[in-house]
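One line per chain: the protein sequences are P and S, in this order. In terms of my numbering, the first sequence opens at residue 2 and continues consecutively. In terms of my numbering, the second sequence opens at residue 13 and continues consecutively.
Don't take each hint at face value.
[Claimed, not checked] Derived pair list, reagent style SDA-like, types lysine to any residue, alpha-carbon separation capped at 20 Å:
{"id": "1", "chain 1": "S", "residue 1": "Lys-260", "chain 2": "S", "residue 2": "Asp-235"}
{"id": "2", "chain 1": "P", "residue 1": "Lys-36", "chain 2": "S", "residue 2": "Arg-70"}
{"id": "3", "chain 1": "P", "residue 1": "Lys-56", "chain 2": "S", "residue 2": "Glu-63"}
{"id": "4", "chain 1": "P", "residue 1": "Lys-56", "chain 2": "S", "residue 2": "Gln-77"}
{"id": "5", "chain 1": "P", "residue 1": "Lys-56", "chain 2": "S", "residue 2": "Asn-33"}
{"id": "6", "chain 1": "P", "residue 1": "Lys-56", "chain 2": "P", "residue 2": "Ala-102"}
{"id": "7", "chain 1": "P", "residue 1": "Lys-36", "chain 2": "S", "residue 2": "Ser-416"}
{"id": "8", "chain 1": "P", "residue 1": "Lys-68", "chain 2": "S", "residue 2": "Gln-37"}
{"id": "9", "chain 1": "P", "residue 1": "Lys-56", "chain 2": "S", "residue 2": "Ile-879"}
{"id": "10", "chain 1": "P", "residue 1": "Lys-56", "chain 2": "S", "residue 2": "His-448"}
{"id": "11", "chain 1": "P", "residue 1": "Lys-68", "chain 2": "S", "residue 2": "Gln-80"}
{"id": "12", "chain 1": "P", "residue 1": "Lys-36", "chain 2": "S", "residue 2": "Lys-260"}
[Said to hold, decoys possible] Which residues of chain P face chain S? A partial, calculated answer using Cβ under 10 Å:
{"id": "13", "residue": "Ser-49"}
{"id": "14", "residue": "Leu-50"}
{"id": "15", "residue": "Tyr-51"}
{"id": "16", "residue": "Leu-54"}
{"id": "17", "residue": "Leu-57"}
{"id": "18", "residue": "His-59"}
Rather than coming from a laboratory, the hints here were simulated on the basis of the structure. Backbone N, C-alpha and C fix where the C-beta goes; we use that ideal spot for every residue, glycine too.
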Amino acid sequence: MSKPSDLVQGTLDMLVLKILALEPLNGWAISQRLKQISSDVLGVSDGSLYPALHKLEHRGWIRAQWKSSENNRRAKFYSLTQLGRKQLEQETANWNRVSAAISGIVQLKEA
Amino acid sequence: MDIEGRFYSLTTRLRSLFHPNRVDQEMKEELREHLEQQIEENLARGMSPEEARYSAMRALGGIAQIEQKCRDARGGSALEDFVHDLRYGFRQLCRNPGFSALIILCLTLGIGANAAVFSWVEGILFRPYPAVAHQERLFALAGTARGESGARGLSWPDFLDLRRSCSLCEESFVSKITGSTLSIGDHAETATGSIVSANYFDAIGVRPILGRGFESGEDVGSDSHPVVVISYQMWRNRFKGDPEIIGKMQRFNNVPHTIIGVAPEGFYGTFVGWAMHFWVPASMEETFEGGGYKLEDRGARWIEAYIRLKPGASRAQAQQEISAIAARLETSYPATNRGRSIGLWPLWQTPFNNAGTLLPTLEVMVAVAAFVLLIACANVGNLLLVRSFTRRHELTVRLAIGASRGRLLKQLLTEGLILSALGTAGGLLVAYWCRHALVLLLPVRSGVAMYLPGEIDARVMALSAGICLFVTLIVGSIPAFQARKLDLAGPLKAESSGVVGARERAWVRSGLVVFQVSLSFILLVGAALLLESLEKIRATSPGFTTTSVVTTRVSLVAAGYDVPRAEIFQDELIDRLNALPGVESAAFARETPLGYGTYSSTPIVVDGYQPSLEEQPAVEYNQVSPGYFTTLGIPLLSGREFARTDDESAALVAIVNRTMVARYWGGQDPIGRRLQVKGGWARVVGVVADSKYESMREAARPFFYVPLRQDFVRSPDLNIRTNQPLRGILAALVRKVHALDGNLALYEMITLQEQVNRSTSSQLVAVTLVSILGGLALLLAGVGLYGVMSYAVAQSTRELGLRMALGASGANLLRLVISRGLRLTAGGILFGTVAALAFTRLLSQLLYKVSPHDPLVFGSALAVMVITASSACLLPAWRASRTDPARVLRG
Numbered sequence: 002m003s004k005p006s007d008l009v010q011g012t013l014d015m016l017v018l019k020i021l022a023l024e025p026l027n028g029w030a031i032s033q034r035l036k037q038i039s040s041d042v043l044g045v046s047d048g049s050l051y052p053a054l055h056k057l058e059h060r061g062w063i064r065a066q067w068k069s070s071e072n073n074r075r076a077k078f079y080s081l082t083q084l085g086r087k088q089l090e091q092e093t094a095n096w097n098r099v100s101a102a103i104s105g106i107v108q109l110k111e112a
Numbered sequence: 013m014d015i016e017g018r019f020y021s022l023t024t025r026l027r028s029l030f031h032p033n034r035v036d037q038e039m040k041e042e043l044r045e046h047l048e049q050q051i052e053e054n055l056a057r058g059m060s061p062e063e064a065r066y067s068a069m070r071a072l073g074g075i076a077q078i079e080q081k082c083r084d085a086r087g088g089s090a091l092e093d094f095v096h097d098l099r100y101g102f103r104q105l106c107r108n109p110g111f112s113a114l115i116i117l118c119l120t121l122g123i124g125a126n127a128a129v130f131s132w133v134e135g136i137l138f139r140p141y142p143a144v145a146h147q148e149r150l151f152a153l154a155g156t157a158r159g160e161s162g163a164r165g166l167s168w169p170d171f172l173d174l175r176r177s178c179s180l181c182e183e184s185f186v187s188k189i190t191g192s193t194l195s196i197g198d199h200a201e202t203a204t205g206s207i208v209s210a211n212y213f214d215a216i217g218v219r220p221i222l223g224r225g226f227e228s229g230e231d232v233g234s235d236s237h238p239v240v241v242i243s244y245q246m247w248r249n250r251f252k253g254d255p256e257i258i259g260k261m262q263r264f265n266n267v268p269h270t271i272i273g274v275a276p277e278g279f280y281g282t283f284v285g286w287a288m289h290f291w292v293p294a295s296m297e298e299t300f301e302g303g304g305y306k307l308e309d310r311g312a313r314w315i316e317a318y319i320r321l322k323p324g325a326s327r328a329q330a331q332q333e334i335s336a337i338a339a340r341l342e343t344s345y346p347a348t349n350r351g352r353s354i355g356l357w358p359l360w361q362t363p364f365n366n367a368g369t370l371l372p373t374l375e376v377m378v379a380v381a382a383f384v385l386l387i388a389c390a391n392v393g394n395l396l397l398v399r400s401f402t403r404r405h406e407l408t409v410r411l412a413i414g415a416s417r418g419r420l421l422k423q424l425l426t427e428g429l430i431l432s433a434l435g436t437a438g439g440l441l442v443a444y445w446c447r448h449a450l451v452l453l454l455p456v457r458s459g460v461a462m463y464l465p466g467e468i469d470a471r472v473m474a475l476s477a478g479i480c481l482f483v484t485l486i487v488g489s490i491p492a493f494q495a496r497k498l499d500l501a502g503p504l505k506a507e508s509s510g511v512v513g514a515r516e517r518a519w520v521r522s523g524l525v526v527f528q529v530s531l532s533f534i535l536l537v538g539a540a541l542l543l544e545s546l547e548k549i550r551a552t553s554p555g556f557t558t559t560s561v562v563t564t565r566v567s568l569v570a571a572g573y574d575v576p577r578a579e580i581f582q583d584e585l586i587d588r589l590n591a592l593p594g595v596e597s598a599a600f601a602r603e604t605p606l607g608y609g610t611y612s613s614t615p616i617v618v619d620g621y622q623p624s625l626e627e628q629p630a631v632e633y634n635q636v637s638p639g640y641f642t643t644l645g646i647p648l649l650s651g652r653e654f655a656r657t658d659d660e661s662a663a664l665v666a667i668v669n670r671t672m673v674a675r676y677w678g679g680q681d682p683i684g685r686r687l688q689v690k691g692g693w694a695r696v697v698g699v700v701a702d703s704k705y706e707s708m709r710e711a712a713r714p715f716f717y718v719p720l721r722q723d724f725v726r727s728p729d730l731n732i733r734t735n736q737p738l739r740g741i742l743a744a745l746v747r748k749v750h751a752l753d754g755n756l757a758l759y760e761m762i763t764l765q766e767q768v769n770r771s772t773s774s775q776l777v778a779v780t781l782v783s784i785l786g787g788l789a790l791l792l793a794g795v796g797l798y799g800v801m802s803y804a805v806a807q808s809t810r811e812l813g814l815r816m817a818l819g820a821s822g823a824n825l826l827r828l829v830i831s832r833g834l835r836l837t838a839g840g841i842l843f844g845t846v847a848a849l850a851f852t853r854l855l856s857q858l859l860y861k862v863s864p865h866d867p868l869v870f871g872s873a874l875a876v877m878v879i880t881a882s883s884a885c886l887l888p889a890w891r892a893s894r895t896d897p898a899r900v901l902r903g
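Excised from the complex, chain S in its bound form (with noise of 0.2 Å):
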């Protein structure tokens, strides 16, 4: 090993690095000696010193070219082109600033939507918890039912069981959600926060910052722990910051807790969508769930868990894993958990929260930022092919002194990656201003704080990164493609229009605009078939009146009523409400269609039924007070409603929707037929049209009601149907919620239609950006096109004027121009019609009632595109048709 020499090396590396005047100044020094020492030789031969001097100088030949080569040979020279380069380029930008600000733009706008989305992505379904310890290895955790897909609740001892037995997983904990009432001072306020393992804090790795997190044990008991720990934003906003916090008391859901805790700034719980305020122990379940002591009842499938898994450990094997110790459980208890399962979801699936939601809306965002991407590079491109028109002469005069054609393309590259770098700084930009914009998209609800936030962290720089070097290439590369067919002789000697390079010109020209015209076309197409199958939801309906229905919830359960109470308090509501003038009818019901809980399902027995052995039917059901098909307009098909005397004491009554009557009872009728329901026989007494229960996407499916007073839920929804104003109902309502209980607060009401329109609002998200990025596209190829056709028209100025010498009118141009514009927009609807019909597909997700292949949806935008194109080439066609061919053709 010769240390010595590496040293040396490296020592002139770093010196022609950082010293390069000097090492360039010695190098120059070097050749001056050579010459002067070849002309004493020379002098010294008996030559005159003119004579001497000139002969020494051949022998040598081109410095300059010596000294750039000595350069070139030098490891430093790389780096010293590149800061030269850069310097250049940023002249080069300055002197052209409107061009360079145009493409600037360009770039801004597709990177900006990509990191955007990306940031998005990040935030809402990779890394949704920033202040979570190893979310990498984080999974949702929910129970699942044989036969039926998607995600149900767990069970508190399954959970419990699951995590003594999961030998693959490092922690587990629980955290539901849940609502609940404060009062503060003389009024109610509603927050949500989230019921929690009393490992939560510990397990995810986030440290109050005044007091303490749970301590083991505070999960377990009924009602036994009443403490809580409160987001900072709570501790600012509603507790001004009080350093003495700890140790107080605040009445959640009128049930008074000692504050224990208060959680860092910047922590906003486990739970995409929604900022939680505040987490409280499973323990204290009951006084914010309803429903009963549900800690050891293994039947009750009400909390939603994550688990995070052992380095090293995949998911397949945890589920492997898991599913072995959920079939223990199925046998152990068969009463509880036949045909139960326990399944793990990676965090952007989870199928509890807003991520499942926001997912085929992300991922189709994913494609359309792609294209909004390939669309910029296109126009760039068609921008720096104009600009290396007039830079030829340049480039050429740079070939003709030396430059090599590697380091002309390292030149270009170079400006290629400043325009690309300042507009990836431009998009990161953009995507920091859009960080909480997908909130603004979805629609406001009062009381709860929407929290969806971008997430800027190094992937998604890395991310951007690599899309800027992607541009780089494409922007730097377009004009040297260009510059490959650069001759030395033709612009130097004047500024003669090679006719092949220039028509090749135009071939890159026109490919790039059909290029752009395909993909915007496709996302045209694909907003508008995310805007008609919009409007097919829209449309259809729900099975229920929408307009004069409003809906709230007083809560029970949070005031601290106990069933009888309840059960009085709600009876005299009702008849209080009907008495009211304008209020039509009025009902409770535990959840309203629509809404954002989930109903419960039950397996049934139906008399005269015989499931096939693999068939477990379970059916989803509501309970409902006397009056709801009424107050929602839900048609009763045959028999009665239920009753005031359907209650507790009476026989179990059941009525059923006519999908389940066709499934279970071959479409025969089945009033006074039986139907088993949690181990008692029910009679069905109705039969009531189909509606929406949980998506107006849904397939209409099989579903049946209850009487509430005999399976109580202590806070249901309110209905009212009324002919009022929703303001005017409300005030009356309030006024007579106050007059049975002053302690009452009122969720948010809203009318049906809100709800309906609430449930669709992650297509209302996917329809608008897809929209917004369609739009964006549009504009940015009829931009394309617009400078296509100029620049035709400007470049064959003579061919026109001939045209019109030899008798064309203007109209006639006017026709040419236009017609040479639709030819290539013609040519990209081509491409886009058959990329679109491939790859609308991705929509499918998010598309009802709509084929991807709607014929109209086509149609309509391709009209838009042609009309878009044919707005574009107007102007060049209108100076075409202006053509003076006396002046064009005399100059």
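This is chain P alone, in the form it adopts within the complex (with noise of 0.2 Å):
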């Protein structure tokens, strides 16, 4: 129920990255984020999000600050470190390579 069935172990760290990029946001718009922009596509769920943000923070690639929201509630905001940053970049251009050669494969045609 909790695991990411479809995504690609690690992807999920990339993506909450990039998302944190844009801007600092709490868990729970990150998970908002994350349906919107990949439209349900990915289907992770929010028992999943959590322990991942814990571990970015654990690795310095993201902190955490307790922050009022809007509407004047504390929540817990997450924004990326330097090392975070860099952490993306690689990741990104990882999966640019990856994906690349995958869509190479897939998209020969059949003599």
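Given two chains presented individually in distinct reference frames, assemble the corresponding complex, making use of the accompanying hints.
Right, dumping it as structure tokens:
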């Protein structure tokens, strides 16, 4: 139930980093954004989002701060650190390489 | 470098370590926040409040699991888990105190045996001199003779030459054990001490707490520097801690010495086995050693020395250099050094103290202790398997509510760690209690303080910690191995007894029992071999009478006698003793057989014997007075004994033993033939039977005797053949000696039987230790077998009941259970026999006239094992035979 069934392992990390690269967000907002931009295709459950956030924070790629949200509620906002930005660049480059290779194979025409 | 990011990561880690509750609280708040926002969103979409809440919760999933995953994702969690597991583990232990105590006891015995043996090995072999600087670079230095094994003394001039020209040597110093008589008030006492080179205290880095050590030059000259450093104990006990002790005079061997220093507490000198109580410079050797002035005599090989190599120099390099130096000495001084070299030994093989004697025993003990540990582990494993069955339910529930198997393994390992850590703590305590136990196993000698301490230092602690980890792995992974088989449904459904699981468990448990039985069988065989060997040694005739002969020593050197006075005293004393009722005969000898002292060895030339080019015939000899062979009961085969007339003015004579006749005269009667000893030609006047000289285990070897008067020593041993009890003859002897000179002190008087027993004491130590540990192993194996059989019987009451209902009698069931137990035992004995055939080779150094594969020994070990196994099975079998079929089958 909590496993991102079709999501390549480690891709969730990259997506979260990418989203946070745009602006600091709290957990709920990240989950909304994930659903929104991937149009629910990836099916990331909230259950797997939080452990991922804690793991990224623990590695020093993102940092958390308690702030007040729009409607004046305290929420934990995550933002990208310098280390995280570097990690994102690396993973993006990696992803581009792998996906280019895979799509190249998938698009082979049968002779 | 993103320092900020790294720093942030570190602070979050630290926060989760030190404020786990706050971090947890924040995580919960964050998730609650998420839910509330989702609920608001749902409400905004027009859901009913209840529906909004339900939908939000469903979207998020199991909160408890997410929380655990978040905790797992944080670095601090491994430690958090560990602390949690520790607490949980302790609660588990306390829930079952008897069971836990049993396990911890087993481990304490197993680990304690190892820690004790390690501490002995450390304290006796590897780091014997804790107060001495850099003992890891210290080596023993002694002379060797070509064509002979073992070590001899070094001569003082050779030592000085070596010290001058050895480039790899940082320090070298002499430390030769000696005894002394001290006159304290009106009585004399004996004490052990060392004759040392002047650099001794500087070289070993020991500062006297009062006064000073020796100054250079104090080891030069003949009896020229009567100064002494005394031990802390001697200062405390004999001088009552006198703060003004420095400069006071004390008679040692009747020579007044100035006390110049007091050694620090905890310094016992540099001799494995005995505590030293005083140190005198080498210039005083005549007073303590006898045999004249030796500091300029290259032929007098009497010193024992140590050498500390420069950092980085290896023993092989140093030995090479030292051999080269010895070879140069051989060329320069052929008269004294022909066929002689100098050897270097690591401290644990030191040839001139008890390190060498105890080495084989301690080697065997290391192996034996390891066996005991393995047996203890197998026992604990078995106990834990029983418990893992009762804990199956708990473990399954934990799996079901989301614990990963890895997490469960961690938990089980943590529990194993708690057990083994407690066992290790107990084991170290056992080692601490046993650190002086070796001394207790050795025979008491009056006048010398045996000192064989175990040393529990960082290295022993580290080894024990290593064992602790090893045990943790074993103890933790055995139940984990069972947990691997857990399936969620089975145990939760009810206590259905998973047949396959039960069978596998039974297989593991039986395997452990077979393992235990085979290990303890090996130990049994080892103990039996050593026992058999000791019996053989004890039953071997030493070649002289042991029961009605007593031996002692009157130190005339110590009393300051010169040679003529000593000669008169000796003759006088023998005459007076011979006149005593109950004394059959009495005689002096430089050394009594199997005593602590060593014989002189001398190059000989035998008339009519042509040695090969390589050979330099050297034979050991003893100086004895007339009546020696009669007194000791050594049969005279031909010729005559020495007589009073064989004195310094008469022609030189010698008596040879039978092996010497066979070696050098081809077995022909040598009476009247000549033998060159120390430059003079002696005529053979008698042949005596072979006897034991230095060890009960030695093979027959050439040996000869010369009259004491023709090669005089002032402090020979006195042997008396008597039909009186020891106490009576001692009193009479003291009277006679004091009638001659009131200032003389007698050394301890013992029977020759006692002397023989002391010479076999290292065998006795080995037998005692191996028997104790072998008994322990047998007990553990018996308990293991008992546990397995009781459990099997308890598990199969239904089957037993059924058998009974179908007509089996109680006796049938009794036989059934016992035969199952014996089948396991037979398996163990089979493996054990194969392993023992290989392992007992280790013992061969300690065995005497017993083959390591002695069938009688294996047979008796087998008998003991079978009897133990049968008695271990008896109670479970009896219980089986009392099965009440009606009750069991109905229930």
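A quick look at each hint next to the structure:
1. Note on S:Lys-260 and S:Asp-235: the hinted pairing holds, with a Cα-Cα distance of about 18 Å set against a maximum of 20 Å.
2. A hinted pair counts as satisfied when its Cα atoms are at most 20 Å apart, and P:Lys-36 with S:Arg-70 qualifies at roughly 16 Å.
3. Proximity of P:Lys-56 to S:Glu-63 is assessed by CA-CA distance (about 32 Å); at most 20 Å being required, the pair is judged violated.
4. In summary, the hint linking P:Lys-56 to S:Gln-77 is supported, as the alpha carbons are separated by about 15 Å, within the 20 Å threshold.
5. At most 20 Å may separate the alpha-carbon atoms for a hinted pair to count; P:Lys-56 and S:Asn-33 meet this at roughly 18 Å.
6. With a C-alpha separation of about 29 Å, the suggested pairing of P:Lys-56 with P:Ala-102 is violated against the 20 Å cut-off.
7. This hinted pair does not check out: P:Lys-36 and S:Ser-416 have alpha carbons roughly 29 Å apart, beyond 20 Å.
8. Using a Cα cut-off of 20 Å, the hinted pair P:Lys-68 and S:Gln-37 holds, with the two alpha carbons roughly 16 Å apart.
9. Between P:Lys-56 and S:Ile-879 the CA atoms are separated by roughly 62 Å; this puts the pair beyond 20 Å, and the hint is violated.
10. A threshold of 20 Å between alpha carbons decides the hint, and for P:Lys-56 with S:His-448 the separation of about 55 Å lies outside it, so the pair is violated.
11. For a cut-off of 20 Å, the pair hint linking P:Lys-68 to S:Gln-80 is broken: about 25 Å separates their Cα positions.
12. The straight-line distance between the Cα atoms of P:Lys-36 and S:Lys-260 is roughly 98 Å, outside the 20 Å bound, and the hint therefore fails.
13. At about 8 Å, the closest approach between the beta carbon of P:Ser-49 and any beta carbon in chain S falls short of 10 Å, and the interface hint on this residue holds.
14. A cut of 10 Å between beta carbons decides the hint on P:Leu-50: the least distance to chain S is about 9 Å, and the hint holds.
15. Residue-level restraint check for P:Tyr-51 holds (minimum Cβ-Cβ distance to chain S is 5 Å; threshold 10 Å).
16. Because the beta carbon of P:Leu-54 sits about 8 Å from the nearest beta carbon in chain S, less than 10 Å, this interface hint is met.
17. Taken as an interface hint, P:Leu-57 checks out: its beta carbon lies about 9 Å from the nearest beta carbon of chain S, inside 10 Å.
18. A least Cβ separation of about 5 Å between P:His-59 and chain S falls short of the 10 Å threshold, and the interface hint therefore holds.
In the structure shown, a violation is registered for the earlier hints numbered 3, 6, 7, 9, 10, 11, 12, in ascending order.
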